[in-house]
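Visitor: Sequence:
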Amino acid sequence: VLIEDGDFTIINLSMDAGVYISDNFAVKGSLNFTSLDGESIFGLSGGVKWYPGGRFILNPSFGFISVDSEVLFKASLFAGYSIPLANNIHLEPKLGLSLLDDASFFEIRVPFVLLF
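Using my numbering, the letters of the sequence shown correspond one by one to residues -18 to 97.
Hints may be right or wrong, so weigh each one.
[Stated by the list, open to error] Beta-carbon label-pair distances, calculated as ranges:
{"id": "1", "residue 1": "V48", "residue 2": "Y1", "range": "30 to 40 Å"}
{"id": "2", "residue 1": "M(-4)", "residue 2": "S85", "range": "37 to 47 Å"}
{"id": "3", "residue 1": "N69", "residue 2": "E20", "range": "16 to 26 Å"}
[To be verified] Here are the simulated lysine-lysine pairs, DSSO-like style, with alpha carbons at most 30 Å apart:
{"id": "4", "residue 1": "K55", "residue 2": "K75"}
{"id": "5", "residue 1": "K75", "residue 2": "K9"}
{"id": "6", "residue 1": "K9", "residue 2": "K55"}
No lab work stands behind these hints: they were computed from the structure. All C-beta atoms, glycine included, are put in the ideal place defined by N, C-alpha and C.
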């Protein structure tokens, strides 16, 4: 994702991958890189995905974000919808709340997800 404004530029690259444990439950991991006006932010997280009713998603996750030399804990809860594109590739738009040390913020994501 590349967002450019007159004041700043954000570049974000993310990858989600997971393994189904049962028909509607998966364990997943995420790797993230964000560049915000030259400042590099790396993220690593793990969590679970529950698909109640097949396509709806509930996704709690926990992880860490590294900003320069500082490492911060991040907890998130997302809800969304899974749109199958191929046998194990899905588009999963979701809305979530994330907690990062003393801050909280809402996120909107539309990732492609690889599930085995």
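Visitor: If any of the earlier hints don't hold here, list their numbers in rising order.
Guide: Of the numbered hints, 2, 3 do not hold.
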